[in-house]
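All chains, full assembly: derive it from the sequences and hints.
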Amino acid sequence: MEMLSVKNIGISFGGLHAVDSFSITINKGELYGLIGPNGAGKTTVFNLLTGVYKPDMGQILLDGANITGLSTIEINKAGIARTFQNIRLFKNMSVLDNVKCGLHNDYKYSSASGIFRLPSYYRTEKIMNNRAYEILEVFGLEKEAKYLSANLPYGKQRKLEIARALATDPKLLLLDEPAAGMNPSETEELMATIRLIRKQYDVTILLIEHDMKLVAGICEKIFVLNFGIELANGLPQDVLNDPEVIKAYLGE
Amino acid sequence: MSFITYLLNGISLGSVYSIIALGYTMVYGIAKMLNFAHGDVIMIGGYIIFTFMSTLGLNPFLAVLIAIILCTLLGITVERIAYKPLRRAPSLAVLITAIGVSYLLQNLALLIFGAEAKSFTSVIPLKPISLAGGKLIISGETLITIPTCILIMTVLNIFIKKSKTGRAMIAVSEDKDAAVLMGINVNKTIAITFAIGSALAAIASTLMFSTYTNLSSTSGAMPGIKAFVAAVFGGIGSIPGAMIGGILLGIIEILSRAYISTQLGDAIVFLVLIIVLLVKPTGILGKKIQEKV
Amino acid sequence: MKTQIKKLKAQALKLNKTTRSNVITIGALVIAYLICMSMIRGGNMSNLLQNLLVAMCYYSIMAVSLNLTVGILGQLSLGHAGFMCIGAFTGAFFSKIMVDTMDNVILRFTLAILLGAAMAGLFGVIIGVVVLRLRGDYLAIVTLAFGEIIKNVLNVLYIGFDSRGIHFSMKDTASLNLDEGGMVVIKGAQGISGTPRNATFTIGVILLIITYLIIVNLVNSRSGRAIMAIRDNHIAAESIGINITKYKILAFSISAALAGVAGVLYSHNIATVQSTKFGYNTSILVLVFVVLGGMGNLRGSIIAAIVLTVLPEYLRFMRDYRMLIYAIVLIVMMIFNWAPACINWRKNHSFKDVFWNIINKFKKVKEEA
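Residue numbers (our numbering), protein chains in the order written: chain S, 1 to 252; chain P, 1001 to 1293; chain X, 2001 to 2369.
Be a bit skeptical, because a hint or two may be false.
To be verified - Listed next, the stretches of chain X that the computed footprint assigns to chain P, with coverage defined by at least 3 CB atoms under 8 Å from CB atoms of chain P:
(1) 2127–2134
(2) 2247–2256
(3) 2282–2291
No wet-lab data here; the hints were simulated from the structure.
We put the beta carbon where it would ideally sit given N, CA and C, even for glycine.
Rendered as structure tokens:
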């Protein structure tokens, strides 16, 4: 079953085709890797999928619904959540509150209930707390729940960002270099966590990564992007042995 | 004919705003701070000229020259003592410090020169010329102000584009850290910027108080704010923007005072600013900045 | 099981922390209030200070409400006094036309406060919709512009009423064309005079506590988290589906409405309310309270507002020098608080360290002896 179906999307900045005729189909439950040399346009693809940029052409379907040109907020509500290459946490808020922000649209009560502390405030906050702790536990962050998120070590900040994205209950999760800056054992742990959340939350994942070990280790399919266009697409062993791909990575 | 008189008065006032706005825009572009005290440097300049000319009876040109030198020194001193330590502090902290400096200058002037407003004597010796059989009268102040403004703009533009210091300024305004790596002395460049801005403030004060002769400790504040509006209006950080913004603002102000309402002149100026920013959020000549995701 | 217990403990701790902070702040306010009242009863308070009591309350409300915009929403506003102005005029207008028909002072003043807040909040929504798409310094200058427009328009506004209804004019009293027996309520630059002076210290303190609770409760709720998320990282906030425009306007308009409350308190404390009082200078004064009290720190805002309202009055013995000293204190404090060099120095020379250094030296001396 198709979860995400992207047809020929593209965008140019000042005449430069950052992404050109990008097409990809991701089935429900799949773990897809998006790789490519620096400046290949990987993050731009994420920005197009999440509505940060509006594509100049093409179409994006999520679960059959057309989400092309929607705003970031609407796209998140439709079921796509993401993390960022340069971590974007809510730095002056606690770890718990970061996750609770992710629950914002699923558990609601009015501002007035919050200000006047009406019963719905206590009821909903309790549910939100429990739910947030559940998610934090998956990432092993429950002990740091009260810490200021800026005070977490780097690896845990990356995890918290994934936890926050997951809290929005997405169908499709986009991870932008989740292992960047991690040491091998942290990467190992992250791979285990990604496998776990796939099972537990029934979520489809598209991830950008430079760490080939991670990509080859957990991705079921790999898409290679170079200069904004598709270079290869398919099963890991085929793609990673493709002479074109090797050439793009290692040069002539 | 009265329309042309108003228009000329507007351009004249606008020229003063432009010169003040230059100080704002250069400092903003290079030090990324709103120098709220800039308007008060104008007031101080006015008092210096007043003291040397009216009280000590010095030649007006000499008085203006002394004011330019003293204001430049004042600008450098304020930058060195109050702003330099805060170079890496949050912009709000710098803004409040600038407000503190503004209070300081105003109260210093109040203490030295008293609360009573002084009447400034025009330093411009030209007599008004009358055209079209006396229907159109152009004051000497207007005749001097407009060319002075154009001259300053031209010189400043050449200075920034051609001189080494000017190019250092552009480099610092683009990227402070990269400028350091290129061997540019950032502290010196910022100090020079403040010096130029303050010298211009002294010139602006000469022209402004010659036309609007009421001089008190708060008479720099509102022109300062309006010049800041002019800088934002034209696109803050842009030198031609400051010129266009200043002149447009002066024209709008004088015309709306003449034809709409005397008391609502300021309100109309601010309303135009809001409309411009809504249509073009970075001002007329401002660059669009897109945040990288 | 173990994590379960820890979880509960953690939750209990969180509840305690915010509640404790609230109790401390409100408790301190109540105690300060009681001390002031007993001093007034005993005749131990100078007239000077007595006259400042209500001012402390409305400046505190201003500071706390501006902190919602600046510290919690993270948007710089230089036009907060404009909302105070709207609240002041709306409240005073209502009280003045109702003073003869409505005998119940408490009800009338409550209505005046609610109306003032509603009107200021409404302007907050309108202005917020227009300006909140701008950022940083552009937002600052546009809020300043709005504040000045409000001040200037009210300065030339004439409103009167008679048997035929309400009349407006932007020119003068005569052009209102009132019937005989009509009353001019807003007299242009002269503003509104003769407002019933219903504002008392007690009401001021109650309003301050209510304001404080509204903001604290808002901050510690779903909407508050959304507001702070926008402050910390608006791109990330959007990516998790938080409606940025909605929450910006929400915070901005609540902040405006509370400034309106401060305005009503102000206009019912003095004989005449004039719009010139509410220029950018007042906005900046309140911003100074917020920055000195600490961004996002509500208790700090109240303390700064009280201290800086009282301080200039107590510096009166220095006469002409007092504002000069105020300015110098402000600059020195900003540099001391924010200059990287000073921050490092304080890190190495904290009171605690100095204290322990001295103790340790003593110990050493003792041991050696």
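(request) Would you list, in rising numerical order, the hints stated earlier that this structure does not obey? (result) Hint check: 2 fails alone, others pass.
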